[in-house]
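*Asks:* Between the sequences and the hints, there should be enough to build the whole structure, so can you do that?
Those protein sequence lines, which keep their order, are chains W and V.
Following numbering that gives the first Met the number 0, the numbering of the first sequence begins with 0 at its first residue and continues without gaps.
Following numbering that gives the first Met the number 0, the numbering of the second sequence begins with 0 at its first residue and continues without gaps.
Hints should not be assumed to be uniformly reliable.
Short derived list, chain V residues pointing at chain W, Cβ under 7 Å [said to hold, decoys possible]:
| no. | residue |
| --- | --- |
| 1 | P31 |
| 2 | S44 |
| 3 | E100 |
| 4 | L101 |
| 5 | L105 |
Hints were generated in silico from the structure; no laboratory data involved.
Quick caveat: nothing in here was measured; it's all calculated off a predicted structure.
Quick reminder that beta carbons are idealized off the backbone N, C-alpha and C, glycines included.
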Amino acid sequence: MSKRRTIVTDYLARVEGEGAMTVQLDGDRVEHVELRIFEPPRFFEAFLRGRSFLEAPDITARICGICPVAYQTSSINAMESLCGVVVPEPIRMLRRLLYCGEWIESHALHIYMLHAPDFLGYESAIELARDASQAVERGLALKRTGNDLMTLLGGREIHPINVRVGGFYRVPSRRELRALVEPLELAREAALETVRWTAGFDFPERVVDCDLLALDQPGEYAIERGRIRSSAGLDLAPAEYDEHFEELHVERSNALQSQLRGGGTYLCGPLARYSLGAARLSPLAREAAAEIGLGNECRDPFRSIVVRSVELVHACDESLRLIEAYEDPERPAEPVEPVAGTGYGVSEAPRGLLYHRYRLDGDGTILEAKIVPPTSQNQLAIEDDLRDVVARNTSLDDEVLRQLCEQTIRNYDPCISCATHFLDLQVDRK
Amino acid sequence: MTRTVVIGIGNRLRGDDAAGVAVAEQLRPRVPEGVEVVSCDEEPSRLMEAWEGAESLLLVDTVSSGAPPGTLHRFDAGEEAVPARTFRSSTHAIGVADTIELARALGRLPRRVRVYGIEAGSFETGSPLTPAVESAVTFLVRDVLADLEERCTSAR
Chain W
0 MSKRRTIVTD YLARVEGEGA MTVQLDGDRV EHVELRIFEP PRFFEAFLRG
50 RSFLEAPDIT ARICGICPVA YQTSSINAME SLCGVVVPEP IRMLRRLLYC
100 GEWIESHALH IYMLHAPDFL GYESAIELAR DASQAVERGL ALKRTGNDLM
150 TLLGGREIHP INVRVGGFYR VPSRRELRAL VEPLELAREA ALETVRWTAG
200 FDFPERVVDC DLLALDQPGE YAIERGRIRS SAGLDLAPAE YDEHFEELHV
250 ERSNALQSQL RGGGTYLCGP LARYSLGAAR LSPLAREAAA EIGLGNECRD
300 PFRSIVVRSV ELVHACDESL RLIEAYEDPE RPAEPVEPVA GTGYGVSEAP
350 RGLLYHRYRL DGDGTILEAK IVPPTSQNQL AIEDDLRDVV ARNTSLDDEV
400 LRQLCEQTIR NYDPCISCAT HFLDLQVDRK
Chain V
0 MTRTVVIGIG NRLRGDDAAG VAVAEQLRPR VPEGVEVVSC DEEPSRLMEA
50 WEGAESLLLV DTVSSGAPPG TLHRFDAGEE AVPARTFRSS THAIGVADTI
100 ELARALGRLP RRVRVYGIEA GSFETGSPLT PAVESAVTFL VRDVLADLEE
150 RCTSAR
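*Replies:* Listed below in structure tokens is the structure:
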């Protein structure tokens, strides 16, 4: 006789935003799996209509307190590409440096505060701190260094105010940047330690076989710009994104779910970036990965914590390289005149590809905006993974299985508040 | 006197959320010598750094617990945890309650910790403090000053 079981988490802890999970089992058969996103709709795409194209970075930064720079960068890329502006190299380097600050802050938060407790059997980082204070202190220090970098370049650490279409309002002096060298060197050491620490966790052996999607930029580990590449061979300009991907609404979620047009799940984020671009990591980051036997590809979502740690090394290393090479730009920003038409922008948010599209009229008023955050893109992959994890572990008792399911979701570092949309009239249905 | 730090937490742009910052601003010119007053956001390591080495800590934040606006809550957190439900600790950020517990676990919490929570009435963007919360701020400033002065006197 089969036994029906339902495993529910009403309020997912240690993820950004408000979501829930339901798994229904009939004996060993997985009947239903869903990641519900009930974070209220955000209306951002509608807010943007009628606003100036110059306001997009500051408005969209508000979508997320953890990855505001990603929103600013994707919107700026869209506006500048439409208006035919290519910023000088020092400005681009500062943008990349600011973005590295966000990666450091976001990855440190996820690795130490949100994800590590899963592997070590703790309910929260607070409990972890009682037994492993040194590790948690290391995580806090890393996060702090990322925040400090964002404060210097962005004007403040959350929702930076110094970023604009065309460049910055104020650029730092070489001396100001040099003050960050020592903290970043310490952070780089801490990041190397993080790689060794997370590599020592126990991992269930898992492989996801969906398409991997990440940005690609010759000569660098793509962060703030690039073409869209996939493991299946896609190679797209940002303007071609909509021809290949579509967003669907499902009733259980205030976030739209992305898929390849005509069906097909894909995954973006650290696993995709690493698997498609490991060779472009800094030598030190590559060395750290080799030392723990990570290989050139990683399709194990549980090991995303290790990949994030390797990216942390890269972000610290890259920050130091950028500071070393920095030369003051002639002026903090290039003038940008609006052009009527549609602009497309992408960048690699800490948790994956972030796509923006804007339609402007001739005076720069935004007529239409579309934003596809990484968590929307990953939602189908997360549910597929969850279904498979449950199917392979039906013998576990409910509580253990629930914890494993939650960990499976946290493997993707979902940013749920980023992903919520307003969806016609169906949102408030009971 | 042992080193005392007063920290006001809040966002000036979000109505009553500014209450903690308002308390800090009103206290700053009036506190006895040796008392440090800080306005701060909730970034955990920044908070811990602000109270590093202090013997005694006073934290003021806005709360949303369902009590009437302007209600003052007071907790002694040196010994036991403050209720995480009262102090906004969300999935979006590590809140004050969690930071206090994190610091306790790391051995970085001052010996004496008093946490004041001012019940908010409105978080309306760009609005000033509501009258009830403004009165609570005035009352709390007076109360904290009296407390600080008493400690200074007894320490002499």
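*Asks:* Determine for every hint whether it applies to the structure shown.
*Replies:* Quick rundown of the hints versus the structure:
For P31(V), the suggested interface contact is broken, since its CB lies about 31 Å from the closest CB of chain W, more than 7 Å. Restraint check, S44(V) versus chain W: the minimum CB separation of about 4 Å is within 7 Å; hint holds. For the restraint placing E100(V) at the interface with chain W, the shortest Cβ-Cβ distance is roughly 5 Å, inside the 7 Å limit, so the hint holds. This hint holds: L101(V) has a C-beta 5 Å from the nearest C-beta of chain W, less than the 7 Å allowed.
For L105(V), the shortest C-beta to C-beta distance to chain W is roughly 5 Å, which falls under 7 Å, so the interface hint holds.
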